[in-house]
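**Student:** What follows is the residue order along each chain.
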Amino acid sequence: MAEPLLSVENLVTHIFTDHGVVKAVDGVSLTIAPGEAVALVGESGSGKSMTAQSLMRLPRPPARILSGSVRFEGRDLLTLSEREMRAIRGGRMGMIFQDPSTYLNPLMRVGDQIAEAVMLHRKMRRAAARAEALEAMRLVRIPAPETVMDYYPHQLSGGMRQRILIAMVVTSRPSLMIADEPTTALDVTVQAQIMRLLAGLRTELGSALLLITHDLGLVAEFCDRVYVMYGGRIVETGTAEDIFYAPRHPYTRALMRSTLGPERRVERFEAIEGNPPNLARLPPGCSFNPRCPERLARCAHDAPPLFASASGVASRCWLAEGGSDERAA
Amino acid sequence: MSMVDLPLAPRPVSALRIFARNRSAALAGLVLAALLLVALAAPLLAPYAPGAIGVGPAMVGPDAAHLFGTDELGRDVLSRVLYGLRISLLVGFGAAGIATALGIVMGGIAGFSGGLVDDLLMRVTEVFQVIPRFFLAVVLVAFFGASIWNIIGAIAILSWPDIARLVRAEFLTLRTRQFVDAARVAGAPAGVLIFGEILPNALAPVVVNGTLMVGQAMLLEAGLSYLGLGDPSQVSLGLILQEAQQIMRRAWWTTAFPGIAIFLAVLSLNVVGDGLNDVLNPRSRER
Amino acid sequence: MSALLEVRDLKVHFPVGGGLFGKPAGVVHAVDGVSLTLARNEILAVVGESGCGKSTLARAVLGLTAPTAGDVLLDGESVLGLSDVALRRYRRAVQMVFQDPFESLNPRKTVFATLAQPLRIHGIVPMADLRTEAARLLEAVGLAPGAPYLDRYPHQFSGGQRQRICIARSIAVRPRVIVADEAVSALDISIRAQILALMKTLQGEMGLSYVFITHDLGVVRSLCDRVCVMYLGQIVEEGPTERIFAQPRHPYTAALVEACPLPDPRRARAKAAPPLSGDIPSPLKPPPGCRFHTRCPVARPVCATEPPPERRFAGGQVARCHFAEEAATWPFGRLGAAAA
Numbered sequence: 001m002a003e004p005l006l007s008v009e010n011l012v013t014h015i016f017t018d019h020g021v022v023k024a025v026d027g028v029s030l031t032i033a034p035g036e037a038v039a040l041v042g043e044s045g046s047g048k049s050m051t052a053q054s055l056m057r058l059p060r061p062p063a064r065i066l067s068g069s070v071r072f073e074g075r076d077l078l079t080l081s082e083r084e085m086r087a088i089r090g091g092r093m094g095m096i097f098q099d100p101s102t103y104l105n106p107l108m109r110v111g112d113q114i115a116e117a118v119m120l121h122r123k124m125r126r127a128a129a130r131a132e133a134l135e136a137m138r139l140v141r142i143p144a145p146e147t148v149m150d151y152y153p154h155q156l157s158g159g160m161r162q163r164i165l166i167a168m169v170v171t172s173r174p175s176l177m178i179a180d181e182p183t184t185a186l187d188v189t190v191q192a193q194i195m196r197l198l199a200g201l202r203t204e205l206g207s208a209l210l211l212i213t214h215d216l217g218l219v220a221e222f223c224d225r226v227y228v229m230y231g232g233r234i235v236e237t238g239t240a241e242d243i244f245y246a247p248r249h250p251y252t253r254a255l256m257r258s259t260l261g262p263e264r265r266v267e268r269f270e271a272i273e274g275n276p277p278n279l280a281r282l283p284p285g286c287s288f289n290p291r292c293p294e295r296l297a298r299c300a301h302d303a304p305p306l307f308a309s310a311s312g313v314a315s316r317c318w319l320a321e322g323g324s325d326e327r328a329a
Numbered sequence: 001m002s003m004v005d006l007p008l009a010p011r012p013v014s015a016l017r018i019f020a021r022n023r024s025a026a027l028a029g030l031v032l033a034a035l036l037l038v039a040l041a042a043p044l045l046a047p048y049a050p051g052a053i054g055v056g057p058a059m060v061g062p063d064a065a066h067l068f069g070t071d072e073l074g075r076d077v078l079s080r081v082l083y084g085l086r087i088s089l090l091v092g093f094g095a096a097g098i099a100t101a102l103g104i105v106m107g108g109i110a111g112f113s114g115g116l117v118d119d120l121l122m123r124v125t126e127v128f129q130v131i132p133r134f135f136l137a138v139v140l141v142a143f144f145g146a147s148i149w150n151i152i153g154a155i156a157i158l159s160w161p162d163i164a165r166l167v168r169a170e171f172l173t174l175r176t177r178q179f180v181d182a183a184r185v186a187g188a189p190a191g192v193l194i195f196g197e198i199l200p201n202a203l204a205p206v207v208v209n210g211t212l213m214v215g216q217a218m219l220l221e222a223g224l225s226y227l228g229l230g231d232p233s234q235v236s237l238g239l240i241l242q243e244a245q246q247i248m249r250r251a252w253w254t255t256a257f258p259g260i261a262i263f264l265a266v267l268s269l270n271v272v273g274d275g276l277n278d279v280l281n282p283r284s285r286e287r
Numbered sequence: 001m002s003a004l005l006e007v008r009d010l011k012v013h014f015p016v017g018g019g020l021f022g023k024p025a026g027v028v029h030a031v032d033g034v035s036l037t038l039a040r041n042e043i044l045a046v047v048g049e050s051g052c053g054k055s056t057l058a059r060a061v062l063g064l065t066a067p068t069a070g071d072v073l074l075d076g077e078s079v080l081g082l083s084d085v086a087l088r089r090y091r092r093a094v095q096m097v098f099q100d101p102f103e104s105l106n107p108r109k110t111v112f113a114t115l116a117q118p119l120r121i122h123g124i125v126p127m128a129d130l131r132t133e134a135a136r137l138l139e140a141v142g143l144a145p146g147a148p149y150l151d152r153y154p155h156q157f158s159g160g161q162r163q164r165i166c167i168a169r170s171i172a173v174r175p176r177v178i179v180a181d182e183a184v185s186a187l188d189i190s191i192r193a194q195i196l197a198l199m200k201t202l203q204g205e206m207g208l209s210y211v212f213i214t215h216d217l218g219v220v221r222s223l224c225d226r227v228c229v230m231y232l233g234q235i236v237e238e239g240p241t242e243r244i245f246a247q248p249r250h251p252y253t254a255a256l257v258e259a260c261p262l263p264d265p266r267r268a269r270a271k272a273a274p275p276l277s278g279d280i281p282s283p284l285k286p287p288p289g290c291r292f293h294t295r296c297p298v299a300r301p302v303c304a305t306e307p308p309p310e311r312r313f314a315g316g317q318v319a320r321c322h323f324a325e326e327a328a329t330w331p332f333g334r335l336g337a338a339a340a
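Chains as they are written, first to last, in full-length UniProt numbering: chain S, 1 to 329; chain V, 1 to 287; chain F, 1 to 340.
Don't take each hint at face value.
Output of the computed footprint for chain F on chain V, the stretches with three or more beta carbons under 8 Å from beta carbons of chain F [as the list claims (entries may be wrong)]:
1. 181 to 194
2. 197 to 207
Chain F is faced by these chain S residues, among others (derived, beta-carbon under 7 Å) [stated by the list, open to error]:
3. P4
4. S44
5. D99
6. A185
7. G217
Hints listed in this document are in silico derivations from the structure and should not be mistaken for laboratory results. Just so we're clear, the structure is a prediction, and the values are computed from it rather than from any experiment. Ideal Cβ placement from N, Cα and C applies to all residues, glycine included.
Throw the hints in and build the complete structure from the sequences for me.
**Tutor:** Here it is as structure tokens:
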């Protein structure tokens with residue numbers, strides 16, 4: 001593989017609360033190649049959002065990045081000064097959030113907000129920045145951008161607001177777009193438009209996409225590779241085909257079985273028993289073991305490492321141990 | 001941010017702990033408790049009756065016989081402050097209690113009913129809110145006479161609109177919440193919806209505001225007394241101050257001690273109110 | 001097939017704007033002439049996006065919102081304008097499960113207080129047995145043993161557990177119909193399957209019928225017997241689930257199917273570009289003619305002027321589209337059909 005765009009090694013982010021230490025990100029490693037679309041899949045409380053925020057070094061107390069490295073375009077982001085980091089955020093690395101309305105200033109015209117985003121990273125006059133903003137709005141396919149520029153956020157639909165936010169991100173031509181549940185708040189038909197837009201921008205700008213989601217359907221449609229997260233750790237990773245057609249980790253398998261798509265009728269609902277683990281009190285051994293239908297005796301006390309197989313799938317499960325070379329987790 | 005879905009989460013951090021975490025609120029709570037205790041126990045603690053004249057020489061500064069000194073009629077200032085605190089706190093809690101009850105009823109009806117009822121009740125509250133408060137109190141007391149109960153009533157009538165607006169705003173948002181609909185679907189009548197479902201969820205800001213209102217009512221009473229509109233038969237801190245204003249320069253203790261008492265009471269009430277806000281705000285519990 | 005619950009030409013309009021003396025600035029046609037029937041033991045899906053009126057329809061059926069016109073019938077008897085006593089009897093028969101399990105439980109009430117409320121109001125069990133019955137209800141929804149949970153508060157439960165408590169509350173009065181408004185949308189995938197399985201089990205055990213309101217076609221296909229698709233306050237298509245997925249006859253249904261994420265990489269990547277652009281028009285001013293024509297990829301001039309009639313197809317599939325017969329030629333919307 002060529003030099004990755006982003007390479008995260010053993011990232012650890014914990015939240016220090018009154019109830020104890022929440023191990024939201026507990027030794028996560030992942031890589032993203034230039035232009036690649038990668039999914040980070042997990043249920044709520046799996047630590048996926050905190051992982052995304054940690055890549056941008058966003059966590060604030062009581063959350064803290066404790067260790068690990070985040071190499072992005074040849075630099076370790078965790079060692080940069082706050083000032084250098086600010087240039088990266090919204091610069092080479094853009095982030096798109098779930099709820100666009102909380103990230104837009106309700107009292108400012110959207111065109112001006114995009115222009116501000118431009119001027120934050122490049123020294124230029126307001127008029128030039130507005131021209132850039134207009135260009136960005138065209139890029140994200142906002143109809144009649146000259147008119148919409150002068151609208152306030154409340155005059156726009158949820159889908160349009162999300163496009164505005166994406167426009168702010170693309171003004172800096174990022175090499176990596178991190179999208180954290182970008183369509184969860186939107187309607188299905190609007191979701192389809194926004195996801196297509198992100199996929200299109202990926203090709204047009206040549207940027208990589210990290211999609212944080214719980215929706216396996218979106219992963220199947222838009223991502224090349226997948227990381228499955230559970231209990232603050234990556235439990236399985238591989239290409240989308242591998243993960244969907246030949247998952248090896250019992251959690252991924254169960255997740256696939258309980259996902260309901262429009263393409264077939266499932267006669268019996270197969271649920272994963274129990275609840276996602278409390279990140280402040282993870283069970284010993286494999287964190288999935290209390291819910292695992294294929295649990296072995298050792299799973300309750302021995303935490304498995306990530307076992308890589310010849311096909312490139314890596315699974316954090318003792319069942320994947322046979323016939324594979326062990327990789328440092 | 002609640003990211004963690006805690007299966008059977010542990011008990012939330014206890015209210016007491018949050019309150020204690022806020023040290024100034026805890027301290028103010030202690031001060032307030034001490035003041036209340038002292039006021040309640042005034043008959044036991046006070047060495048003399050508050051109105052007793054000539055229990056000592058006139059205008060003597062603090063000494064062993066009279067800890068807070070005496071005034072120009074030879075009354076014991078310590079005894080007067082203890083009894084005065086009693087009356088001032090009675091006015092404060094009484095007026096704030098009545099205002100809160102009235103405000104909950106009016107605001108609750110307005111917020112729960114919405115529409116025309118809401119519009120009418122809110123116009124009424126606005127009438128009370130646009131009239132300068134102190135001025136209206138002066139007029140009311142002058143008109144009905146300066147008994148302690150009239151004063152409590154006048155202050156309550158002036159203060160309920162604030163609570164009413166607050167309760168109304170809470171009710172307006174709470175009544176559309178799903179758990180209210182759920183109770184309605186279960187067949188609950190309006191009374192149960194208002195008192196069983198909505199009100200318990202609206203109480204937190206009301207309690208906080210009620211606490212702050214106690215202090216405001218005490219100040220209002222002190223102001224009225226200072227203008228000579230207090231109940232002359234009841235020794236309140238305001239009345240003591242009013243009577244002492246002539247001799248303030250010659251006998252600082254006649255104003256300083258009642259002043260400190262009122263200051264401590266109002267300040268501790270305000271700080272406790274802010275502390276309660278932290279405790280009762282569910283968000284601060286999830287930290 | 002006799003209808004258990006029937007909705008006839010229901011309209012719910014809301015005036016907006018205007019103050020104490022002002023005239024309303026407009027009228028939202030939230031539900032605009034909806035008719036549907038629910039048979040015994042049936043699971044009927046009402047599908048649509050935000051603003052289509054599906055939640056307002058549910059609220060009107062439950063008597064939480066007064067309809068402007070039309071009728072709701074239970075066992076053939078109208079339930080609108082009922083006396084308090086009759087309304088209470090209706091409330092016993094038709095219950096609701098809400099979308100957000102974090103919102104639909106009163107945070108200041110214990111689980112016992114929540115479950116006891118309907119039991120007490122409707123006199124389901126003697127007062128002395130309230131606790132036993134409440135515990136039994138919790139066990140019926142998979143929270144066993146129930147007794148230790150009774151004195152806890154909602155915040156001590158996870159999302160899935162709360163939704164179980166909500167379901168326990170809804171079955172407390174032993175209803176015949178449960179209207180579930182996006183009841184699993186807020187839940188994680190693994191929990192969602194648990195709750196769906198529970199709802200299906202309860203359907204069998206208690207002979208329940210469901211009106212299942214959702215935007216998620218994946219859930220619809222696996223759970224529901226029949227589907228109604230709503231757009232801007234009207235039903236644009238209805239029919240048996242398998243027929244609708246095999247061949248949607250309304251372009252909006254087809255577009256919804258096409259937009260639904262498909263958890264199968266090879267087929268998902270072969271999908272056509274999303275056929276719909278833009279957002280749902282405001283229900284303040286629904287477009288004339290066919291309400292969908294402003295977004296319809298296969299609209300023709302007639303669609304902008306003439307409201308489409310109902311076209312009936314085999315198996316009870318009904319579509320309100322001028323060109324429903326041409327559905328097989330549309331370049332989208334056949335993901336639901338078996339893979340080639």
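**Student:** If a hint holds in the structure, say so; if it does not, say that too.
**Tutor:** Each hint, compared with the structure:
1. 181 to 194: Since 9 is at least three, the answer is holds.
2. 197 to 207: holds (count 3)
3. P4: Given a least distance of 22 Å, the restraint on P4 (chain S) is violated.
4. S44: 6 Å, holds
5. D99: 14 Å, violated
6. A185: 10 Å, violated
7. G217: 2 Å, holds
Checked against the numbered hints given earlier, this structure breaks hints 3, 5 and 6; the rest are met.
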